[in-house]
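Asker: Each chain, written out:
There are 2 protein chains.
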Amino acid sequence: MSKKAYDDALPRLREQLVQMQVRLKQFPFKVMLIVAGLEGSGRSEYINTLTGWLDPRGVETFAFMEPSDEERERPFMWRFWRNLPANGCIGIYIGSWYAEALRGNSRRGKRARDDAHDLLKHIGQFEKLLTDNGTLIIKLWLHVSKANQGRHLRALEKNRDTAWRVTPEHWYQHRSYDRLARASRYVLDQTHTPAAPWVVLDIEDERARNLTLTEILIKRFDEHRRMLGARETAVPRPKPVPRAVTAAGRRRLGALPLDQELTEQEYRDKREKWLGRLHRAVRGAQDAKRSVVFVFEGWDAAGKGGSIRRLVSAIDARAYRVIPVAKPTDEEKAHHYLWRFWRCLPRDGRVTVFDRSWYGRVLVERVEGFARADEWHRAYDEINDFEQQLVEHGAVVVKFWLHISKDEQLRRFRLRERTPYKRHKINAEDWRNRRKWTAYEAALSDMFALTETPAAPWHLIPANNKQYARLQVLRLACKQIEAALKTKR
Amino acid sequence: MSKKAYDDALPRLREQLVQMQVRLKQFPFKVMLIVAGLEGSGRSEYINTLTGWLDPRGVETFAFMEPSDEERERPFMWRFWRNLPANGCIGIYIGSWYAEALRGNSRRGKRARDDAHDLLKHIGQFEKLLTDNGTLIIKLWLHVSKANQGRHLRALEKNRDTAWRVTPEHWYQHRSYDRLARASRYVLDQTHTPAAPWVVLDIEDERARNLTLTEILIKRFDEHRRMLGARETAVPRPKPVPRAVTAAGRRRLGALPLDQELTEQEYRDKREKWLGRLHRAVRGAQDAKRSVVFVFEGWDAAGKGGSIRRLVSAIDARAYRVIPVAKPTDEEKAHHYLWRFWRCLPRDGRVTVFDRSWYGRVLVERVEGFARADEWHRAYDEINDFEQQLVEHGAVVVKFWLHISKDEQLRRFRLRERTPYKRHKINAEDWRNRRKWTAYEAALSDMFALTETPAAPWHLIPANNKQYARLQVLRLACKQIEAALKTKR
Numbered sequence: 001m002s003k004k005a006y007d008d009a010l011p012r013l014r015e016q017l018v019q020m021q022v023r024l025k026q027f028p029f030k031v032m033l034i035v036a037g038l039e040g041s042g043r044s045e046y047i048n049t050l051t052g053w054l055d056p057r058g059v060e061t062f063a064f065m066e067p068s069d070e071e072r073e074r075p076f077m078w079r080f081w082r083n084l085p086a087n088g089c090i091g092i093y094i095g096s097w098y099a100e101a102l103r104g105n106s107r108r109g110k111r112a113r114d115d116a117h118d119l120l121k122h123i124g125q126f127e128k129l130l131t132d133n134g135t136l137i138i139k140l141w142l143h144v145s146k147a148n149q150g151r152h153l154r155a156l157e158k159n160r161d162t163a164w165r166v167t168p169e170h171w172y173q174h175r176s177y178d179r180l181a182r183a184s185r186y187v188l189d190q191t192h193t194p195a196a197p198w199v200v201l202d203i204e205d206e207r208a209r210n211l212t213l214t215e216i217l218i219k220r221f222d223e224h225r226r227m228l229g230a231r232e233t234a235v236p237r238p239k240p241v242p243r244a245v246t247a248a249g250r251r252r253l254g255a256l257p258l259d260q261e262l263t264e265q266e267y268r269d270k271r272e273k274w275l276g277r278l279h280r281a282v283r284g285a286q287d288a289k290r291s292v293v294f295v296f297e298g299w300d301a302a303g304k305g306g307s308i309r310r311l312v313s314a315i316d317a318r319a320y321r322v323i324p325v326a327k328p329t330d331e332e333k334a335h336h337y338l339w340r341f342w343r344c345l346p347r348d349g350r351v352t353v354f355d356r357s358w359y360g361r362v363l364v365e366r367v368e369g370f371a372r373a374d375e376w377h378r379a380y381d382e383i384n385d386f387e388q389q390l391v392e393h394g395a396v397v398v399k400f401w402l403h404i405s406k407d408e409q410l411r412r413f414r415l416r417e418r419t420p421y422k423r424h425k426i427n428a429e430d431w432r433n434r435r436k437w438t439a440y441e442a443a444l445s446d447m448f449a450l451t452e453t454p455a456a457p458w459h460l461i462p463a464n465n466k467q468y469a470r471l472q473v474l475r476l477a478c479k480q481i482e483a484a485l486k487t488k489r
Numbered sequence: 001m002s003k004k005a006y007d008d009a010l011p012r013l014r015e016q017l018v019q020m021q022v023r024l025k026q027f028p029f030k031v032m033l034i035v036a037g038l039e040g041s042g043r044s045e046y047i048n049t050l051t052g053w054l055d056p057r058g059v060e061t062f063a064f065m066e067p068s069d070e071e072r073e074r075p076f077m078w079r080f081w082r083n084l085p086a087n088g089c090i091g092i093y094i095g096s097w098y099a100e101a102l103r104g105n106s107r108r109g110k111r112a113r114d115d116a117h118d119l120l121k122h123i124g125q126f127e128k129l130l131t132d133n134g135t136l137i138i139k140l141w142l143h144v145s146k147a148n149q150g151r152h153l154r155a156l157e158k159n160r161d162t163a164w165r166v167t168p169e170h171w172y173q174h175r176s177y178d179r180l181a182r183a184s185r186y187v188l189d190q191t192h193t194p195a196a197p198w199v200v201l202d203i204e205d206e207r208a209r210n211l212t213l214t215e216i217l218i219k220r221f222d223e224h225r226r227m228l229g230a231r232e233t234a235v236p237r238p239k240p241v242p243r244a245v246t247a248a249g250r251r252r253l254g255a256l257p258l259d260q261e262l263t264e265q266e267y268r269d270k271r272e273k274w275l276g277r278l279h280r281a282v283r284g285a286q287d288a289k290r291s292v293v294f295v296f297e298g299w300d301a302a303g304k305g306g307s308i309r310r311l312v313s314a315i316d317a318r319a320y321r322v323i324p325v326a327k328p329t330d331e332e333k334a335h336h337y338l339w340r341f342w343r344c345l346p347r348d349g350r351v352t353v354f355d356r357s358w359y360g361r362v363l364v365e366r367v368e369g370f371a372r373a374d375e376w377h378r379a380y381d382e383i384n385d386f387e388q389q390l391v392e393h394g395a396v397v398v399k400f401w402l403h404i405s406k407d408e409q410l411r412r413f414r415l416r417e418r419t420p421y422k423r424h425k426i427n428a429e430d431w432r433n434r435r436k437w438t439a440y441e442a443a444l445s446d447m448f449a450l451t452e453t454p455a456a457p458w459h460l461i462p463a464n465n466k467q468y469a470r471l472q473v474l475r476l477a478c479k480q481i482e483a484a485l486k487t488k489r
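Residue numbers (UniProt numbering), protein chains in the order written: chain Y, 1 to 489; chain E, 1 to 489.
Watch out, some of these pointers could steer you wrong.
What the hints assert, rightly or not - 16 Å max Cα-Cα, derived EDC-like pairs, lysine to aspartate or glutamate:
#, chain 1, residue 1, chain 2, residue 2
1, Y, Lys273, E, Asp300
2, E, Lys406, E, Asp300
3, E, Lys273, Y, Asp161
No lab work stands behind these hints, which were simulated from the structure alone.
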């Protein structure tokens, strides 16, 4: 392409880019642009050109070197979750999860193959979750032939001023061209999905490449915006029915005996016993570099706070964090609902206690209509994948539902209203939730049916008797951690 | 204290706590509660009790184990900056920076003493910066005698169910009681400041302790709120004059020759030469595990973006990040203005480029009145301390001011307005800033006079000729990094 033709085409293209960024701010979603390819394909050159054209406010470039220990001590995808653009922004990825996938798939041996396979699965889930949530993912693969790659490297090396750009690593990759090309074909093939397809390009001329890639970006953006706009204004689709609307969960809750007897002395004795045992179990997890994630859900006034307080009294104060889940901040709102939970996952050997959790998506957000039906419907799978990643990484995921009867709730609400220092714990919202008891029961029924997994089972705790509930929490926490430590991670 | 007396006092106290939290949300500042003391002083017991009384939404407990590599590879205070409560919240600290200070000051040897001394200096600056900014820091030291410490540990060990609470570390600390007590007296003495004084308490009875500590918290909170309220409604104090209102900075800028000649060929040749050299310099910094922090400031349209783009083209894409500084998010607004910059400091061996920076505090925020006079006046010291910490940690801090004439700015503004894809770069605000040219010149003069330090000097770049400016940026960046690498960190 001639310089003249290029210069003539640029003003219009750059104007379109600017418009794109303005529109993205008005109707915010995430754009993730992955520019991948082997050495000498012109990835960095293109990214450098493109970032020169874009308004830097609203663009973030993400690149990845060796993971840090904070990253290694969490599920593999954590480092990518912490490197996401906010809604309204464009994230440009050099490297990305595909660098790892390529490395994995070019290695030999069964273990390497299995790991690589798991990784591709997680990548698929990650991209699906993001695109389902409105994110535009554009994946560009810049092809370069072995001959051109060699020519490119030699030309750089010949010039004294650019020779520094070529490292031994580049020549190593050149010698491994065939193996890397094979691996990349496989990875592309496995991750080419309708929602996030690959575009493979083979354009030698830098100017033509710059124009073509940018046109693709603009075109995909416009299509995506129209598609999301259409979804916004569409006649509401019929509410999807969760896959398993069973009465099983409800029956399970209904069958739960709620009123247990316990003397004060029995409670104290047993509490000390279980606290000691829990302390040893958590110590064991720490020694084994396994993290523990506690999830506390339950009816309003079911006693989550009190149970958590007793639980953590058995844990070294430096090793745990309690996360009370309230209204998201605006940084959190600019992301997928799971982002705020990824954000506070514990490192290996540490404990995080969630006081309410991601299950809000399929409980309050479903019942109150804060999430669209397709959103909360999708959430069961997303949650299972999320917990699965935690468990695969070695975490113990302990989930509690604290269950009280409707009468017991009323009694506690009234007590809170009568007690000055408890009055702040009860407000109009609690009374409103209470009126929706039946809707919550339906949501609970689906939740238990759809998110009960062998790796992260639900513990239903009868909690009309607070002290009994606390003991059960301690006992079941012990049991699950002890059992998990017996399995290899 | 009898159980009866305790139970009688509680309701009123807990009500006050609840009111405190409500008020804190309405008139938001940070509360940082540091509960320190030797083993057996009842720290954890009190924190456990207190968190049981507080509404968990709005309370965060911070504790610190060994620093992670991400923490070690940044200035020491980084891990505390990343663990601050937001405004409107209470942060409760177990351990905190005082654990480290105690450890440091109980060691022997000159090196240990020097390090410990530096640490106490940083702690002082950190607490001053926070309290100046409206934060309430309450520091409680719970005293325990050696005899009581021993009694406490033995009592726990005797009971089969609580024996697990005592570890060899506890007994080691007991044997070292005298040394630790000496070190703690020294640390308390050195960090007892009017703004963040220590309260030392010696109360053996747990109930009396719970009440007294909580009363102190409530009392200090009320005093602090009144003090801040008085400041809000006070008759504006006379505008403080910066310590050095010199004409030196202005003269320096005035004397800068702005128009340099350069042929296209000269530019290209020199650019390649300096890019190569910069590449080697940054590689050298990476090998030496030194980070580089670039600060780009300059008049609107001075060419910051273009200079940054050329600069980073010499750096491995995975090793640098460009941070365009725009409007803070609400999480950022709930913190000190430096928080957002601490947040994106590079790890050892990495590079961060700030496109505008913390200097906004003493430029736009001063000129536009977004910061009160006492705030921006304080900022010079805060900024110097901040950069000093970076440099002490081994970072190279390279600061540029891109300078153009008022006429040249006008020419560029008009060009932007005429060019469709540049139109977004110019808006009413740019024209408004331009009208305040003289006010900015005064602010710049103070900035250069007050934040020019040997460790982090300012580079004034004549930038009427863009290409010349880019070469200067490359050249000065090289020189400073090369010189820094010759010094030991």
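Asker: Each hint should be assessed against the structure and marked as holding or not.
Answerer: Here's how the hints hold up against the structure:
no.	hint	result
1	Lys273/Y <-> Asp300/E	68 Å, violated
2	Lys406/E <-> Asp300/E	10 Å, holds
3	Lys273/E <-> Asp161/Y	6 Å, holds
When held up to the earlier numbered hints, the structure conflicts with hint 1 and nothing else.
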